[in-house]
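Required output: the full structure, derived from the provided sequences and hints.
Residue numbers (the working numbering), protein chains in the order written: chain A, 1 to 198; chain B, 1001 to 1138.
Quick caveat, the hints were computed from the structure, so don't treat them as lab data.
No experiment lies behind these values; they were computed from the predicted model shown.
There could be a bad hint or two in this list.
Claimed, not checked - Listed below are the simulated DSS-like cross-link pairs for lysine-lysine, each with C-alpha atoms no more than 30 angstroms apart in a straight line:
#1 B:1079 x B:1134
#2 B:1079 x A:185
#3 B:1053 x B:1134
#4 A:94 x B:1032
#5 B:1052 x B:1070
#6 B:1134 x B:1117
#7 B:1053 x B:1117
#8 B:1070 x A:189
#9 A:185 x B:1134
#10 B:1134 x A:94
#11 B:1053 x A:185
#12 B:1070 x B:1117
#13 A:185 x B:1070
#14 B:1117 x A:185
#15 B:1079 x A:189
#16 B:1052 x B:1032
#17 A:149 x A:185
#18 B:1053 x A:189
#19 A:124 x A:185
#20 A:189 x B:1032
#21 A:66 x B:1070
#22 A:189 x B:1117
#23 A:94 x A:185
#24 A:66 x A:94
#25 A:124 x A:149
#26 B:1117 x B:1052
#27 B:1052 x B:1079
#28 A:189 x B:1134
#29 A:149 x B:1070
#30 A:66 x A:149
#31 A:94 x A:189
#32 A:66 x A:189
#33 B:1134 x A:175
Stated by the list, open to error - Selected chain B positions facing chain A (Cβ under 8 angstroms, derived; list incomplete):
#34 1053
#35 1064
#36 1104
Said to hold, decoys possible - Listed below are several chain A residues computed to face chain B (Cβ distance under 8 angstroms; list not exhaustive):
#37 52
#38 60
#39 62
Even for Gly, the Cβ is constructed at its ideal location relative to N, Cα and C.
Each chain, written out:
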Amino acid sequence: MKKIVLLSIAAAGLSLTGGGCATRAHYIQTGGRESIVSVNSINIQDFIQAADAATSDLLASGALDKVSTPPAVLAISRIVNNTGQQIDTDLLVKKIRVALLNSGKAQTTTTLGLDGTAEDPMAKGLQQEAQFKSDQQTTRTPDFTLSGKIIQTVARDGSTSQSTFSFQLSLTDAKSGLAVWEGEKEITKQGGRPSVGF
Amino acid sequence: MKTRIFLPIAGFVLLTLCGCRTSVNSIENAQKEGQRQMISDSRVITDGSLAKKVSFVGINQTMTPGGLLKIQIELLNRKRSLQRFSYQFEWFDASGMLINNVASPTVPAQIEGGESKFISSVAPTPTARDFRVKFLED
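Put into structure tokens, the structure is as follows:
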């Protein structure tokens, strides 16, 4: 009898836990406190935080203000992903680009990319056409290039796992080839591994 | 039998309580070279619990070489245990309009017991004149 009662309670508890806690699809603030935090991957709030830190640091450094004809022109170089996950580095870079453009301190070229690949091929074509017609160079050579690396460092102790994501960025003077600003933002997350996987 | 069960539990509780209570000792130069430009502030407290634990010491501001407003806020943990909170900066232009900032994160932060900590932010544009910082307990 006791067994039956106990089993019924256990079954009811399980069904409540499994079914009752299921959340209905709803909107949350991107990068807000309700966002899901995963130890082993970069979440959207991490990209927002890293981009904000890099932008603030870069703007505060005054490196972009040292150009003869402001705003500075920026070309995006290689951003290496050395994490265990596949990520689109534009999740970081685009936020920085938008913030820099809005600040009025820098503009990014979309017709000059790595290995000669333009981000906007149509703009590049029109630019080349304009150059051909006027027989003059209409494009402005970038003042700076932005390169970087995203690195993941993993540590485990028993059932606790920890990941540190390092967002490293360098702003290089295109003329001298010297890094005029460098920034690093580290985000560390720790959590227990679930004992039961679903 | 009861004592056998009670003692390990009491020990565990004691260890847990002791482990959570660590506070920070610090030392600094007495004659300060740098002068902080402190500004007056206006506060809206809706979470008294957080305000009792983590209090605002003061705000100072400066201008960056590029003409951007930089704000620094000093916080103090009045408790002996670590406190977790999140904060978010908002910037406003001369008309009081909120400046849309694509990278405006809710930053998770923590402060050790008795610790004094600075948080800072740089305005996203030279047009930013005012700011507001929101704090939430985690």
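Cross-check of the supplied hints:
| no. | hint | verdict |
| --- | --- | --- |
| 1 | B:1079 x B:1134 | holds, 20 angstroms |
| 2 | B:1079 x A:185 | holds, 28 angstroms |
| 3 | B:1053 x B:1134 | holds, 16 angstroms |
| 4 | A:94 x B:1032 | violated, 41 angstroms |
| 5 | B:1052 x B:1070 | holds, 27 angstroms |
| 6 | B:1134 x B:1117 | holds, 16 angstroms |
| 7 | B:1053 x B:1117 | holds, 13 angstroms |
| 8 | B:1070 x A:189 | holds, 28 angstroms |
| 9 | A:185 x B:1134 | holds, 22 angstroms |
| 10 | B:1134 x A:94 | holds, 26 angstroms |
| 11 | B:1053 x A:185 | holds, 28 angstroms |
| 12 | B:1070 x B:1117 | holds, 16 angstroms |
| 13 | A:185 x B:1070 | holds, 19 angstroms |
| 14 | B:1117 x A:185 | holds, 18 angstroms |
| 15 | B:1079 x A:189 | holds, 24 angstroms |
| 16 | B:1052 x B:1032 | holds, 29 angstroms |
| 17 | A:149 x A:185 | holds, 11 angstroms |
| 18 | B:1053 x A:189 | holds, 24 angstroms |
| 19 | A:124 x A:185 | violated, 34 angstroms |
| 20 | A:189 x B:1032 | violated, 36 angstroms |
| 21 | A:66 x B:1070 | holds, 19 angstroms |
| 22 | A:189 x B:1117 | holds, 20 angstroms |
| 23 | A:94 x A:185 | holds, 17 angstroms |
| 24 | A:66 x A:94 | holds, 23 angstroms |
| 25 | A:124 x A:149 | holds, 27 angstroms |
| 26 | B:1117 x B:1052 | holds, 16 angstroms |
| 27 | B:1052 x B:1079 | holds, 8 angstroms |
| 28 | A:189 x B:1134 | holds, 23 angstroms |
| 29 | A:149 x B:1070 | holds, 27 angstroms |
| 30 | A:66 x A:149 | holds, 25 angstroms |
| 31 | A:94 x A:189 | holds, 24 angstroms |
| 32 | A:66 x A:189 | violated, 37 angstroms |
| 33 | B:1134 x A:175 | violated, 42 angstroms |
| 34 | 1053 | violated, 17 angstroms |
| 35 | 1064 | holds, 5 angstroms |
| 36 | 1104 | holds, 7 angstroms |
| 37 | 52 | holds, 4 angstroms |
| 38 | 60 | holds, 5 angstroms |
| 39 | 62 | holds, 3 angstroms |
Of the numbered hints listed earlier, those contradicted by the structure are 4, 19, 20, 32, 33 and 34.
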